Amino acid sequence: MVIQLLVNGLGMGCIYGLVALGLVFIWKGVRIVNFAQGDFAILAGYLLASFYIEWQIPYVISIFIICIILALVSVIFERLVYRPLKNVSSVTIAVCTVGVSIFLQNIFQIIWGGMFIPIPSIFGSYLIMVGDIVIRPEYPLIIVVTLFVIIFQQYFLYNTVQGKAMRAVEADRDVASLMGIDTAKVVSTTFAYSGVLTALAGIMLAPIFFLSTASGSLIRLKALAVLVMAGFASVPGAVVGGIILGLSEVFGASYISSEYKEAISFGIIIIILLFRPSGLFGSTVKKKV
Amino acid sequence: MKRSILFTMILVFVFGLPINCIAGEEIRIGVMTTLTGEAAYIGEYAQDGANMAVKEINDNGGINGSLVKLYYEDETTTTASINAYRKLRERKVHAIVGSIYSVKVAAVLPEVQKFGGPPIVVGATSPKIWSKETENDWVFGDRASDELVTKLAVKFAVEELNADKVGIIYINDDFGRDGLEAMKALFETRNMEPAAITSCVEGDKDFTAQIRLFKQVGCEVIIPWVHPLEGGLFVRQLHQLGMDVDIVGPSHFVSVQTMEIMGKDADEGLYSVTDFVASSEEPKVAEWVAEYIKLYDREPALFSVFAYDAVNILAAAIEKAGTADPEDIRDALLEIEVEGIIGTFKANPETLNGLHQVRIAQIQNGKPVVLQTIKE
Chain A
24 MVIQLLVNGL GMGCIYGLVA LGLVFIWKGV RIVNFAQGDF AILAGYLLAS FYIEWQIPYV
84 ISIFIICIIL ALVSVIFERL VYRPLKNVSS VTIAVCTVGV SIFLQNIFQI IWGGMFIPIP
144 SIFGSYLIMV GDIVIRPEYP LIIVVTLFVI IFQQYFLYNT VQGKAMRAVE ADRDVASLMG
204 IDTAKVVSTT FAYSGVLTAL AGIMLAPIFF LSTASGSLIR LKALAVLVMA GFASVPGAVV
264 GGIILGLSEV FGASYISSEY KEAISFGIII IILLFRPSGL FGSTVKKKV
Chain B
173 MKRSILFTMI LVFVFGLPIN CIAGEEIRIG VMTTLTGEAA YIGEYAQDGA NMAVKEINDN
233 GGINGSLVKL YYEDETTTTA SINAYRKLRE RKVHAIVGSI YSVKVAAVLP EVQKFGGPPI
293 VVGATSPKIW SKETENDWVF GDRASDELVT KLAVKFAVEE LNADKVGIIY INDDFGRDGL
353 EAMKALFETR NMEPAAITSC VEGDKDFTAQ IRLFKQVGCE VIIPWVHPLE GGLFVRQLHQ
413 LGMDVDIVGP SHFVSVQTME IMGKDADEGL YSVTDFVASS EEPKVAEWVA EYIKLYDREP
473 ALFSVFAYDA VNILAAAIEK AGTADPEDIR DALLEIEVEG IIGTFKANPE TLNGLHQVRI
533 AQIQNGKPVV LQTIKE
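Protein sequence lines correspond, in order, to chains A and B. Following the working numbering, the numbering of the first sequence begins with 24 at its first residue and continues without gaps. Following the working numbering, the numbering of the second sequence begins with 173 at its first residue and continues without gaps.
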């Protein structure tokens with residue numbers, strides 16, 4: 024059963040990590056927290072319900088289309104919410120993203136209704152049996168997709184011109200602009216990439232979470248906790264943090280108390296922050312006064 | 173002689189005709205339900221049922237010549253349910269169809285007592301709400317209390333299914349905790365105790381830990397005292413993890429939405445102590461279900477039939493009262509007996525709960541089948 028819990032915890036942790044990765048990229052690019060990120064993931068799930076289930080578009084093509092749509096939605100979000108307010112305080116922008124979250128939840132209800140939408144697994148009723156251990160194939164798939172994303176974006180950020188531009192804008196936007204980098208375009212690309220990450224997370228979690236209009240709130244809470252634990256701007260931190268949260272939830276519920284599962288997992292985050300206030304992978308910035 | 177005739181005519185006029193102080197005006201019935209949020213599907217079903225009832229009433233000329241109009245308020249959270257009640261009071265509704273959530277009814281109850289009405293018919297089932305010690309003059313119930321439901325669930329698990337090891341998973345809110353306490357007390361009366369007790373919280377998606385416990389202990393029957401989404405996911409994962417065990421669930425376990433979440437095959441053989449079975453062969457139920465499907469092109473759930481019956485109960489009370497005065501309606505609710513789709517409503521004068529009937533159903537070949545109907 025320990026291996027069972029390990030696989031489930033890793034799987035859930037990777038989902039939280041994928042959504043948190045989307046948050047990390049937005050933070051790295053523009054230093055804001057997007058409180059609507061969880062709802063973007065749910066949007067991907069709802070789109071999967073429409074494309075793959077209702078309209079019977081093949082799964083892989085559906086994923087491709089959904090990633091493009093989420094990338095576009097994220098860019099529109101950047102143009103309509105972030106860009107007009109970028110010179111205002113980040114708190115104001117964060118509050119606006121809360122408004123976007125509420126807006127999206129209501130749009131989901133108008134378009135898809137208030138009923139839960141079960142998304143069938145692409146694996147049907149197939150389960151991976153290893154002795155007594157029963158593993159849902161979604162969980163290993165999530166782990167594989169997360170590994171692929173990490174490998175891809177490490178390559179992208181360090182070996183491509185666009186990736187280096189994103190890192191330059193994150194380091195110092197003004198200097199990047201002086202170097203001839205179109206910072207506005209880079210920021211839009213960052214949002215678009217964040218949208219794709221979130222789309223993948225939403226597609227992976229849809230068969231597990233069962234879509235409802237308010238599911239985004241739960242995911243947002245977990246992803247934000249991971250973001251804080253990871254140190255806000257750390258890509259490996261988001262994944263590691265997600266896995267820590269996922270494992271602590273599953274093992275805490277199993278060996279301590281299912282009733283206090285959330286308290287246990289968030290308690291662990293608090294302990295980590297007590298010892299590492301800047302997060303697991305965050306760095307302390309010293310300012311001269 | 174002329175004076176006595178005049179006096180008699182006045183007496184006949186005053187007492188012989190129904191006094192309808194709202195003649196020509198609408199009868200306002202408020203509906204508190206979850207219109208948004210994770211439980212928005214409950215609100216959708218409730219609207220179906222309530223609108224269907226009002227359409228029938230108005231097509232038949234309304235109540236005492238006055239047409240009925242519904243006013244909906246959202247009660248996504250407990251705080252929102254108190255606000256919803258206050259808003260309906262401001263609208264001066266004559267009566268309310270209240271929540272199906274025990275935790276929300278418990279939150280609103282003190283407000284209703286404090287402000288004195290209007291009368292509310294609710295679908296809450298927590299024994300604490302329907303206890304004789306609870307101060308309640310205005311809130312009536314149209315579903316069997318969990319006191320009866322848990323008694324039958326435990327009895328069925330131990331006597332009919334011959335289980336020695338019964339596991340309980342409860343949701344950590346008023347509904348779940350009150351149900352757990354009631355079941356623990358019932359086991360005590362049988363000199364038994366549950367083999368395993370575990371819990372979950374609203375929004376939980378993974379039940380591996382809880383299933384692990386039941387597997388370790390070797391439970392033969394599990395009683396999940398949880399909400400629809402959590403219950404559906406729990407049964408689904410129980411099936412996926414290959415645990416062959418009997419399940420005796422609460423009323424919504426044979427509801428179309430919960431069964432959809434459980435998945436085909438996962439729910440086969442599952443038992444439920446329930447108010448309503450959409451596939452029941454009882455003529456009144458079957459006729460109503462057919463009419464509902466014709467109107468809404470989908471199968472009804474417990475939430476729709478509760479709202480339908482609640483509107484009709486209030487309509488019957490208003491008709492009997494002859495006025496739309498909340499106190500008169502409340503008094504009429506204490507007197508009337510109404511044959512609803514769920515069962516017969518007759519308010520207990522001490523607790524104000526009016527429904528004392530449940531059905532035990534089992535899912536056979538993907539469809540719930542009523543095994544027994546029990547009236548207290």
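If you're looking for bench data, these hints aren't it; they were derived computationally from the structure. All values reported here derive from a predicted model rather than from experimental measurement. Careful, some of the hints might be misleading.
Sample of chain A residues lacking proximity to chain B, with all beta carbon distances greater than 10 Å (derived) [unchecked claim]: (1) M35; (2) P81; (3) V114; (4) M138; (5) L164; (6) D197; (7) V219.
Only pairs whose alpha carbons sit at most 20 Å apart, straight line, appear in this in silico SDA-like list of lysine to any residue [claimed, not checked]: (8) K109/A / T206/A; (9) K377/B / A237/A; (10) K377/B / I287/A; (11) K264/B / N232/B; (12) K377/B / L244/A; (13) K547/B / E453/B; (14) K387/B / I151/A; (15) K377/B / S211/A; (16) K377/B / P141/A; (17) K436/B / K51/A; (18) K492/B / K300/B; (19) K436/B / M138/A; (20) K387/B / V153/A; (21) K264/B / E245/B; (22) K323/B / E453/B; (23) K387/B / D416/B; (24) K436/B / K187/A; (25) K436/B / I158/A; (26) K377/B / K51/A; (27) K259/B / T208/B; (28) K456/B / K466/B; (29) K304/B / G289/B; (30) K492/B / K518/B; (31) K300/B / T523/B; (32) K547/B / V457/B; (33) K377/B / T120/A; (34) K286/B / K323/B; (35) K377/B / G147/A; (36) K323/B / K466/B; (37) K187/A / A207/A; (38) K323/B / I532/B; (39) K377/B / I92/A; (40) K387/B / S240/A.
We put the beta carbon where it would ideally sit given N, CA and C, even for glycine.
Hints, verified against the model:
no., hint, result
1, M35, "6 Å, violated"
2, P81, "23 Å, holds"
3, V114, "25 Å, holds"
4, M138, "4 Å, violated"
5, L164, "15 Å, holds"
6, D197, "43 Å, holds"
7, V219, "24 Å, holds"
8, K109/A / T206/A, "13 Å, holds"
9, K377/B / A237/A, "14 Å, holds"
10, K377/B / I287/A, "16 Å, holds"
11, K264/B / N232/B, "24 Å, violated"
12, K377/B / L244/A, "15 Å, holds"
13, K547/B / E453/B, "18 Å, holds"
14, K387/B / I151/A, "19 Å, holds"
15, K377/B / S211/A, "34 Å, violated"
16, K377/B / P141/A, "13 Å, holds"
17, K436/B / K51/A, "45 Å, violated"
18, K492/B / K300/B, "30 Å, violated"
19, K436/B / M138/A, "18 Å, holds"
20, K387/B / V153/A, "17 Å, holds"
21, K264/B / E245/B, "13 Å, holds"
22, K323/B / E453/B, "25 Å, violated"
23, K387/B / D416/B, "10 Å, holds"
24, K436/B / K187/A, "50 Å, violated"
25, K436/B / I158/A, "19 Å, holds"
26, K377/B / K51/A, "31 Å, violated"
27, K259/B / T208/B, "17 Å, holds"
28, K456/B / K466/B, "16 Å, holds"
29, K304/B / G289/B, "19 Å, holds"
30, K492/B / K518/B, "14 Å, holds"
31, K300/B / T523/B, "10 Å, holds"
32, K547/B / V457/B, "17 Å, holds"
33, K377/B / T120/A, "26 Å, violated"
34, K286/B / K323/B, "33 Å, violated"
35, K377/B / G147/A, "19 Å, holds"
36, K323/B / K466/B, "36 Å, violated"
37, K187/A / A207/A, "15 Å, holds"
38, K323/B / I532/B, "12 Å, holds"
39, K377/B / I92/A, "27 Å, violated"
40, K387/B / S240/A, "32 Å, violated"
Violation of the numbered hints given earlier is confined to hints 1, 4, 11, 15, 17, 18, 22, 24, 26, 33, 34, 36, 39, 40; the remaining hints are satisfied by the structure.
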